[in-house]
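Sequence order for the protein chains is A and B. 1 is the number of the first residue of the first sequence in the numbering used here; add one for each residue after it. 1001 is the number of the first residue of the second sequence in the numbering used here; add one for each residue after it.
Keep in mind the hints are simulated off the structure, nothing from the lab. Remember, predicted model here, so these are calculated numbers, not experimental data. Ideal Cβ placement from N, Cα and C applies to all residues, glycine included. Take every hint as true, because none was put in to throw you off.
If you only want the chain B side, here are some residues facing chain A, beta carbon under 7 Å, derived: (1) Ala-1049; (2) Leu-1051; (3) Val-1076; (4) Phe-1086; (5) Arg-1087.
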Amino acid sequence: MDRVSDALNPGTGGRVVRGAVLAYIGLLVLLPLVALLQRGLAGGMDALWQAISAPGARHALTLTLWSAAVMTLINALMGTAAAWVLVRYRFPGRTFLSTLVDLPFAIPTLVTGVMLVLLYGPRGLMGDWLATSGLKIAFAPPGILLALLFVTLPFVVRAVEPVLLEQDPAEEEAARTLGADAFTVFLRVLLPPLLPAILSGSVRSFARALGEFGSIVVVSGNIPYKTLTAPIYLFGEIEAGDPQAAAAVSLVLLLFAVALTYAGRALERWAGVDA
Amino acid sequence: MSIRVDHLYKRFGDFVAVDDVSLEVESGELVAFLGPSGSGKSSILRIIAGLERADSGSVFFAGQAADHLHARARGVGFVFQHYALFRHMTVAQNIAFGLRVQGKSRADQGLRVHELLDLMGLAGLGERYPRQLSGGQRQRVALARALAPQPQVLLLDEPFGAVDARVREELRHWLRRLHDEVHVTSIFVTHDQEEAFSVADKVIVINRGRVEQAASPADILDHPATEFVARFIGDANVYEGKALGGVVPIGRLEIPAAGVTDGTEVSAVLRFYDLKFWKEDQGIARVVRTMTLGDRVKVEAVIDDGPVIYSQFPRRSSLLAGIEPGCRIHIEVTLARLYPKDAGILVSTTPPPA
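Using the sequences provided together with the hints, build the complete structure.
The structure is reproduced here in structure tokens:
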């Protein structure tokens, strides 16, 4: 660390640039954080707790957390399967499939929401069929789940893929010649090296889902106590002129996000060590 | 446990990897499958292990057909070229894997692991992870892991291909010594003839999915059964020619071919060390250059009205006296092997002329 900074430190000029960058990033990142903490904690812990446990806020937070959790479970499973198929099989359309996996990151999230409404909404492509079968997707929790799955699709796939690429299929063959059945091969040989990557991809999708706004605001219908998620609740409170309530819920989301980011980093280090 | 392979046939798409292969390995033997890459030798090994399924043909262990047996039920130890160690397990856990799968007690696993670590010269490395070991150590761990469940058969697929020359030499000694101690029926695949000849009791030469010759190293060197074996094993000059009056003329060089019908088209294989060059102004060839290869000297000459020919001599050989680029030489063929074009099978080795 010292050696690097010494080598790159050209003296006074360097110190000026360094100071400027520090100030810039401090102003950009640190100051807003201070503002949030100040406002969120202004009324003391009691006020904070009250704002969070207001029925609307509580419901929005719970909805956000559980929909993110369900999405993460599905993502861990299907993302790993997708990575497996992409790495282990050669088939026509494989490159296309790989492009599709990355597409959700390129599509503006609002557009994602619009696409889902056009497909599942009351006058959408599948609207009639959904209406007769009694299934409700758009403007209901399943819509939220689909939106979250869509926008987080690449996380697990792209985390697991490089680890799978590194894995020698001969390891599975070795296990088989040593007497292991298919289930044992999966559990003892295949899964353990993938686990850190699966977990880190899952944590990233979860963190991303906590703050997802664009796709959900279109597809969920934003019905309080039904389909109103935390980020959209925040937005509503700001619009309604209650920054106090917004700050409280924001703090909770922030806490989760920061904790998850660090958990994710730790998992990646673990994955790096084991790879 | 003896192994018998009967009329094995395997294709991948349009490529015939194994073409009607039959062979036998006796109980306790150490056998090498020797052949160029892509010759199908690894496919045969993998079929024996149950990792690959033959399109037709059978594999027998101790006389019992094993075709229906899954790889895990064959009791075969397999060593892979790139080790295939379990990266997330320690050396000890790797070695214990087969025993753990069998449900052996922790105490039994520990005993066997210790025994093998000692046998393999890996004592003290049990708690390391594979990435913390050298290539040679990793391959010994792989060998220990394969041996742990006391397999009846040990199969090694290019086991020394991924390590450098010195370690390879060391591992060869290991394998030979290990085999003399444990006596497990073993087959290893290699494209390195020196490796095959220095380690194996029996060498099976494989080319284009077929067995060319199965014999002791000495037999293969002295009596190559096919043109391929004669070309592939050892360093040799190979010429195409037509028999005429008891010889095959190649330029002004006359290769002895007593008993071969006039007009027969043959491939003549002349080993470097079956040729004698000596300086003679009225000779039939001209020396182009000499190359010193350690303790031997390789001489390159051009036959008058003919192609290039090589020979090799010990550095201090009296035959080298006066041989230098530009000088003229006479060539004596002490041993030639002729393979008629249509058959490809050896018809005549020519004893040195009296």
